[in-house]
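Using the hints, position chain B against chain A.
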Amino acid sequence: MNLELLTKLTQTFGPSGYEEEIREVLRAEVVAFADEVRVDPLGSLVVRRRGKEGGKKILLAAHMDEIGLMATYVDEKGFVRFTSIGGVRPTNCVGGRARFADGTLGAIAVEWREDATTTPALEHLYLDVGATGREDCPVKVGDPAVFVGPLEARGRRLISKALDDRIGCYVLLEVLRQLPETPHDIYFVFSTQEEITLAGARTTAFRIDPDMAIAVDVTVTGDTPKSLPMDVALGKGPAIKVKDRGMIAHPLVRDLLVAAAEKAASPYQMEILLYGSTDASAMQLVRAGVPSGCLSVPSRFVHSPSEMVDGDDVENSVRVLLAALPLA
Amino acid sequence: MNRETLVSTLLTLSEIISTSGNETPMRCALRPLLEGHVDDLRVDGLGNLIALKRGTGESALRFLVTAHMDEVGLMVVGYTGEGALRVEPIGGVNSQLLPGLRVLVGSARLPGVIGLRPIHRASAGNFKTVPAVDNLAVDIGAKSREEAEEAAPLGTPVAFATTPRNLGESLMGKSFDDRAGCTILTALLQGERLPFDLHGVFTVQEEVGLRGAQVATYAVDPDGALALECTVADDLPKEDEDVSPTTQLGKGPALTVKDRSYTTPPRLLRHVMLTGEAEGIPYQLKQPGISGTESGIIHTVRAGVPVMTIAVPCRYIHSPIALLRVSDLEHTFQLVQASLRRMTPDVLRP
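Chains as they are written, first to last, in my numbering: chain A, 1 to 328; chain B, 1 to 350.
Same shape as in the complex, but just chain A (with noise of 0.2 Å):
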């Protein structure tokens, strides 16, 4: 794992819609590697390794957005109100700090409440950036914030704020820089606006027009104590999307990945989420349909400040994928 890599992709801001600073940061990790390099209206960022005549076009697609925070109003006395960029749950802010995209940091506090058994909603919570009143305060109406969430390895593990998916875009970055002379036309897309709409890789796809569409996303585990049931877990492979809340994995798609974790001697795990969905379930629809599917990084604690995943996962994620090109 080229953990310096990882560092730089995690912790570059990008919460969805604000993708700027992190698509340079990738732009600067594809040029050498690409034959064509674009950006698309929204802001996905598109690289194409050229294949033989009549190969497909496949796409690949890890979005590079975060979730994060935005203000919604200042106070007199210089506290700032937000709501949520994306599937951000209050449980996992309080106690948290927020970084806006000019360094500001902020406390994330709760209101008092008479009833503090139950949950608070985003309402009830305030970001405290030192500021002793509106006119100090350096945070305006509508600033974009992310999760504090440094990244840190513990043995094959590895914790950090925006694993979701920048480890999807470190994936296809590797798989970019390894890939051989390729039968097909490969388009890496880092695309926008995931957490939110799906935008980015929809409109993206349509501009495409891709024999076939696999996305490289997270997707939760059920390893940890009193979790959902799931049977995803942790170091324990990839894991071949079948189904989640947006759409079931085409077969072809699916059994590719089956075939080449098998021709890769990859351990890999059969994927079926309850909630949650990925870029690939807007690139199926696209125009007249899009063969699609998606591979798994297994997380923890997924849309946190310490997202969890395995460096063998990942690794194998990469193996794989490169198994699967010349497959298609």
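Derived by calculation from the structure, the hints in this document are not laboratory data. It is possible that some hints are incorrect.
As the list claims (entries may be wrong) - With a cut-off of at most 30 Å between alpha-carbon atoms, the simulated DSS-like pairs for lysine-lysine come out as follows:
#1 A/K140 with B/K238
#2 A/K226 with A/K57
#3 A/K243 with A/K57
#4 B/K251 with A/K140
#5 A/K226 with A/K243
#6 A/K263 with A/K56
#7 A/K236 with A/K8
#8 A/K263 with A/K243
#9 A/K77 with B/K143
#10 A/K140 with A/K77
#11 A/K77 with B/K238
#12 A/K56 with A/K243
Showing chain B alone in chain A's frame:
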């Protein structure tokens, strides 16, 4: 369009009944306002009114501006044995508003009342709850079920019966959401030629799922877009003062940073804010994260469209009587026109 014409246009459009799916009256009212000012005017398969005003040719941009013609209301879905009309809401209607209300039924604008048992007959408990729409009926004075069916067949639209009022600094009326947007789009199309082609679309069925905007955007295939709206002003006294008023009357057009349906591209937002500052036009940022607009569908069409919602702040939208400030209407028109005049491809770059 000057202040007086903006006001008279809005008051005229406000009185038209045009619930979602029944937008013919609005199309008929808009046509004569646009003919002679635009280079093409057509109606698409869903009923969107699509105007093209050619640019001067200086810029090759294709730009889309939308405003929706439809309004929330009710629809006749059945009858009581006594000849009253059973209704269902069309779009977001707060049932708290309905009991006792005067309404107009169908293109004949038949007067009706949403009746409630008189106070003499109500048991004490009745006052504590709001009846659901299912338990309400519109009485048009029909003496039998047959007479009601004849006067108001199934599917007949029902709208708030509101006579708009000009209060000088403020206007009162129904369906300012989105007749305010339609007024501004009309003014744009009647105004000067821009450097690029302006596709002005008066859309259908926004209130029931952004349907008109979806297909119109597909047809126009624009490089960028604005959705003109009328949005919530929640600036009345509240128990808790440390809460955002969403928008405030008199503070200028409300710019959307992010709502539930989309996020404005930062360059486009900055362009509009800088335009306001350069031209001395006030604006305010709408509280992020609230409500949804046509931008929510426009940005997802084809290869993606940079889009932004700009709205006239308004109290009591989706109710029989909304209230807005004339200065906000005027400033919204000015800011939209100036932002378009200064539009460049760079503003739309991601």
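These are the hints, each one checked on the structure:
Our distance criterion of 30 Å between C-alpha atoms is met by A/K140 and B/K238, whose separation comes to about 22 Å. A hinted pair counts as satisfied when its Cα atoms are at most 30 Å apart, and A/K226 with A/K57 does not qualify at roughly 43 Å. For a cut-off of 30 Å, the pair hint linking A/K243 to A/K57 stands: about 23 Å separates their Cα positions. Distance hint between B/K251 and A/K140 is fulfilled; the C-alpha atoms sit about 17 Å from each other, no more than 30 Å.
At roughly 22 Å between alpha-carbon atoms, A/K226 and A/K243 fall within 30 Å of each other, so this suggested pair holds. Pair hint A/K263 plus A/K56 holds up; C-alpha atoms about 21 Å apart against a cutoff of 30 Å. For the hint pairing A/K236 with A/K8, the CA-to-CA distance comes to about 26 Å; that is within 30 Å, so the pair holds. Of the pairs offered as hints, the one joining A/K263 and A/K243 holds, with about 23 Å between alpha carbons and a cut-off of 30 Å not exceeded.
Taking the CA atoms of A/K77 and B/K143, the gap is near 63 Å; set against the 30 Å cutoff, the hint is violated. Distance hint between A/K140 and A/K77 is fulfilled; the C-alpha atoms sit about 14 Å from each other, no more than 30 Å. Distance hint between A/K77 and B/K238 is fulfilled; the C-alpha atoms sit about 18 Å from each other, no more than 30 Å. Taking the CA atoms of A/K56 and A/K243, the gap is near 25 Å; set against the 30 Å cutoff, the hint holds.
The structure fails hints 2, 9 (numbered hints given earlier, in ascending order).
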